[in-house]
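Visitor: Since chain A is already given, all that's left is putting chain B on it; use the hints.
Number of protein chains: 2
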Amino acid sequence: MSKRILRVDMTKLEAKFEDLPADFVALGGRALTSTIVAKEVDPLCHPLGPNNKLVFAPGLVTGTKAPTSGRISVGAKSPLTGGIKEANAGTSFSQKLARMRIAAIVVEGQQKDHYHLLKVTMDGVEFMDAQKWFGKGLYGVYKDLFKEFGDKVGICATGIAGELMGAASGVCFNDPEGLPSRYAGRGGLGAVMASKGLKFIIVDETGAPGVEIKNQEAFDMGVKKLRDALTTHDVTKPGGALNSYGTSVLVNIINEAGGLPQRNFSAGQDDQSEKVSGEVKADEIKKRGGARPHFCSPGCIIQCSEVWTKPGGKEPVGVLEYESVWALGPNCGIYDLDTIGELNRACNDLGLDTIEAGGLLGVAMEGGLIDFGDGKDALKLMDEIKNKTPTGRILANGAAFVGQAYGVTRVPVVKGQSLPAYDPRAIKGIGVTYATTTQGADHTAGYAIATEILGVGGTADPKDTKKAELSRNLQVATAAVDSTGYCLFIAFAILDIAEGLEGVVDTLNGVLGTNLTVNDVPGYGQSIIDTEREFNKAAGFTNKHDRLPEFFLKEPLPPGNDVFGVTDEELDKVWGG
Amino acid sequence: MSKRILRVDMTKLEAKFEDLPADFVALGGRALTSTIVAKEVDPLCHPLGPNNKLVFAPGLVTGTKAPTSGRISVGAKSPLTGGIKEANAGTSFSQKLARMRIAAIVVEGQQKDHYHLLKVTMDGVEFMDAQKWFGKGLYGVYKDLFKEFGDKVGICATGIAGELMGAASGVCFNDPEGLPSRYAGRGGLGAVMASKGLKFIIVDETGAPGVEIKNQEAFDMGVKKLRDALTTHDVTKPGGALNSYGTSVLVNIINEAGGLPQRNFSAGQDDQSEKVSGEVKADEIKKRGGARPHFCSPGCIIQCSEVWTKPGGKEPVGVLEYESVWALGPNCGIYDLDTIGELNRACNDLGLDTIEAGGLLGVAMEGGLIDFGDGKDALKLMDEIKNKTPTGRILANGAAFVGQAYGVTRVPVVKGQSLPAYDPRAIKGIGVTYATTTQGADHTAGYAIATEILGVGGTADPKDTKKAELSRNLQVATAAVDSTGYCLFIAFAILDIAEGLEGVVDTLNGVLGTNLTVNDVPGYGQSIIDTEREFNKAAGFTNKHDRLPEFFLKEPLPPGNDVFGVTDEELDKVWGG
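Chain order of the listed sequences is A and B. Residue 176 in our numbering sits at position 49 of the first sequence; the count goes up by one each step and never skips. Residue 267 in our numbering sits at position 140 of the second sequence; the count goes up by one each step and never skips.
It is worth saying that the hints were derived from the structure and are not from the lab. Hints may be right or wrong, so weigh each one.
Put simply, identical chains are the same to the list, so a pair is met inside one copy or across any two.
Mimicking DSBU-like on lysine-lysine, the simulated pairs with C-alpha atoms at most 30 Å apart in a straight line are [what the hints assert, rightly or not]:
hint	residue 1	residue 2
1	K700	K341
2	K139	K515
3	K664	K246
4	K270	K351
5	K139	K274
6	K590	K263
7	K671	K239
8	K681	K139
9	K681	K664
10	K671	K166
11	K402	K413
12	K681	K351
13	K143	K681
14	K166	K274
15	K700	K671
16	K664	K437
17	K239	K503
18	K192	K130
19	K700	K166
20	K239	K681
21	K166	K681
One chain only, chain A, in its complex shape (with noise of 0.2 Å):
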């Protein structure tokens, strides 16, 4: 059986299996789903309207014993940036559908008022009515699919805040626990999914064939290399920094550096930080009977994630990643994890955008909707959303969109996209990638930080503003590395462990039975990177586009009172403009 691709028709409520073409076959993750949008979506289409494709991909590894490689990449144009959309995550969903040798489901079309859940299985597809979930919390909506369709299922959902067609929403999945906390959170894509009418995708693999691998014994020296790099290396191996303490072990150290955005932008650093730090969360994890370590999919070595709950282990929220806890904590003035999770567990249930919810939630405060550091009020503000009112609305729709309603001028966004943890004026390389990359702000496209910060791959001055070099090499990196299903956090051992690169590559070569080397991996990215590029040119976007706020270039950021201070030409040097 060769790989597939799924087609859903939800116009006609309509699927089809049609074999992956063969110059697809090298393609996987954010790969796959560039590629389809930028050939299949018209870059001017309503993001909403018929016309815009909703495209899930698993990675080329995926659903494989190779390390750490549970990813799925979700991409369409953005209604959030108006470009295209890569958002990807970790889960099981993912490693089920490549078992099932689904390399892509394409879902296009539209039906209006009307919601449905898809279910996939090795014995075809079938479309029932979901009616019954609509406006329902995704706690309480996939304890029921569960009960439903059986613990063994992978589910994918959009909420409440998708049903709003608003751009701060996500596409969920589920956890190992079953609980909807992982997200491919970024750009609106749940808005996307919900336009279509479809609310979930339920994936049964039994009877699945598993992945092909043409070269098992190719693969299994690049599983052997990457292992041993990845239990290796200080960032992820096990006791490791990221198995420690999870991706929150950086509050302390970008809080150190000055690059820790406090309250809407306005600070970099903040005393208070520490008590949301990872190595607290850790230790309160371990005193309230949470899990941690603990893994986002299996066969993950890394182990970066956990299950945050309420005291006594009470009310599982699921992992409380760096990103969400500095987005719902500092950069509200909010100190106290407690009110952090419940936050990160109200977006969960409503499918939104943990970054994007906080990043709206500070331009919030800044409007003067809410204090700044009131917790309790910010949980209000979640309710607006799920009694979907005239402000939940406004709010579902991300920071660039409160800011507009409120009169908020200090708005941080790239291409409509809220600004991950880390400041620019602080910390140069990030603010690069933010402001370059395809898929408006966003860390993960090109994690300067690594090199910056943690002096992974080398090490830069964070101060020092010729970063175009270092981030168009992460970002080109980082585009092969989504197409592959591996995590992005390989990168910390891939980077410095030349065996490590080579075992990804290995693995490649075993399931694609290829004889691709390390210096093949520049050009694959690049490519990707060409694809999104072409797709946002002819959607309207210009390097005047790759630029930050203004309020970045004249506001000094306390305590270091740096602005962004990279020249226009050198955001214009990454992609050579």
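Guide: Frame of chain A; chain B shown alone:
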């Protein structure tokens, strides 16, 4: 006394007069606002931040006895389109500025959370506290201000919609009765004014020297030629179409052509439209004791204006223009002049652009907030703005914003600005103008209706999709007219009567002491458009923004059942892209 620029720093609450630079001497109106904005405003600045500038400029012959020349241009970076904006209005305010030899007022900086008024006299400039008028409707406020500053001043204001920083807000000027009914409405310039902390400008021309005329003979000759043309042409002459019925004479004509958009651009014709026609309105005004014909500023020959009132001549609104009647009427499924009058009054009172208001109401109706045709509920939505509720904040930001908040995909905007009263599927040339003007959808930027429907300046089949040349020629000519201070409606006469155009050029030569000929007009207009396009390019606009929304290309418009059908190549031919 030579012509001056009044530069107002709202950060420091300081103002100073500067001599008009030598290279600006031949610039007035739109030529001057666009030149100053392009020269002094960073195209990537936040439109509501301290670095945007709001520029007011009367036209070159404004304040003289040249007929129908009382226009004022207002320019800035637009919070609605993100590009350069010039909106203009006919008002004695402009004539007063011109006679004080103030070529432009440039408002810069920002005063946060406190509103001031600026009083401008021949003795100098004074800032006064305006906080007591915060949140008040402009009909009452204008009464107060005329009482406080005397009947003979001119008043410019931003209203509640501006206070909300709403992108649908306009800049208001007084009409001859002192009503707040003459608007430089488009593009959210009321919000720019409010963002500066500037609530009103009061102009008292006592002691003004008048406009300097360098060649009285040329000027007088020009006035005569233009007067002859205006009093001869069927559209502009006393007792002609505009004089008898106002701009609403178009209702029946455009409805007949199948191009009068009904219910958010879902049809192009409705039998009920006749109930809100100019003919019916003129009869009603006569019955109830309003005024018609009427001028918007002294010295107008055409006198297309009027004073609409409640029955019995009570509660005067001011003019109900064709665009306003359509926007608040048929576009909302409303076919009752009294309801339309009340909605128009609400817009004037709030400081809202009537076209954008009709556009946003149509989208709100499509989004299910209220029903099409429900005027009472439409008035309640206006109250939401007045009360500054969350719904009001959504509405005050215009049709595109409402569309995003409510997940509506049929959103008739170009560059974020609502389409005026001609469906481009039925009348192609005006669609070419909507798409390609620097201003966002704007009929006045190149009024192809004149030729396509009215047979002025030649004839053209409205269904013919080859309209690049027609639109370009009109856009270029319009840019020139918008700089003279003449009302665009003189174009009806001067497009058909060569001596009229000569008269216009003669009056310019009279004021400037130049030897321009009619052959200089296109170059003058083109240079303004070049300046504006350069700004927009630097703000990130490309030919991909010179497009109509997707639905005009896909959804046929009853009853003609055409789609737009003008190719991208034809659109790009307008500016040689």
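Visitor: Evaluate each hint against the coordinates.
Guide: Verification of the hints:
no.: 1; hint: K700 / K341; verdict: neither (40 Å within a copy, 53 Å between copies)
no.: 2; hint: K139 / K515; verdict: within (29 Å within a copy, 43 Å between copies)
no.: 3; hint: K664 / K246; verdict: neither (36 Å within a copy, 47 Å between copies)
no.: 4; hint: K270 / K351; verdict: neither (37 Å within a copy, 83 Å between copies)
no.: 5; hint: K139 / K274; verdict: within (29 Å within a copy, 66 Å between copies)
no.: 6; hint: K590 / K263; verdict: neither (46 Å within a copy, 49 Å between copies)
no.: 7; hint: K671 / K239; verdict: between (36 Å within a copy, 28 Å between copies)
no.: 8; hint: K681 / K139; verdict: between (52 Å within a copy, 19 Å between copies)
no.: 9; hint: K681 / K664; verdict: both (28 Å within a copy, 22 Å between copies)
no.: 10; hint: K671 / K166; verdict: both (25 Å within a copy, 18 Å between copies)
no.: 11; hint: K402 / K413; verdict: within (16 Å within a copy, 74 Å between copies)
no.: 12; hint: K681 / K351; verdict: neither (50 Å within a copy, 54 Å between copies)
no.: 13; hint: K143 / K681; verdict: between (54 Å within a copy, 26 Å between copies)
no.: 14; hint: K166 / K274; verdict: neither (39 Å within a copy, 65 Å between copies)
no.: 15; hint: K700 / K671; verdict: both (13 Å within a copy, 24 Å between copies)
no.: 16; hint: K664 / K437; verdict: neither (47 Å within a copy, 52 Å between copies)
no.: 17; hint: K239 / K503; verdict: between (36 Å within a copy, 28 Å between copies)
no.: 18; hint: K192 / K130; verdict: within (18 Å within a copy, 79 Å between copies)
no.: 19; hint: K700 / K166; verdict: both (27 Å within a copy, 26 Å between copies)
no.: 20; hint: K239 / K681; verdict: between (45 Å within a copy, 18 Å between copies)
no.: 21; hint: K166 / K681; verdict: between (40 Å within a copy, 20 Å between copies)
Checked against the numbered hints given earlier, this structure breaks hints 1, 3, 4, 6, 12, 14, 16; the rest are met.
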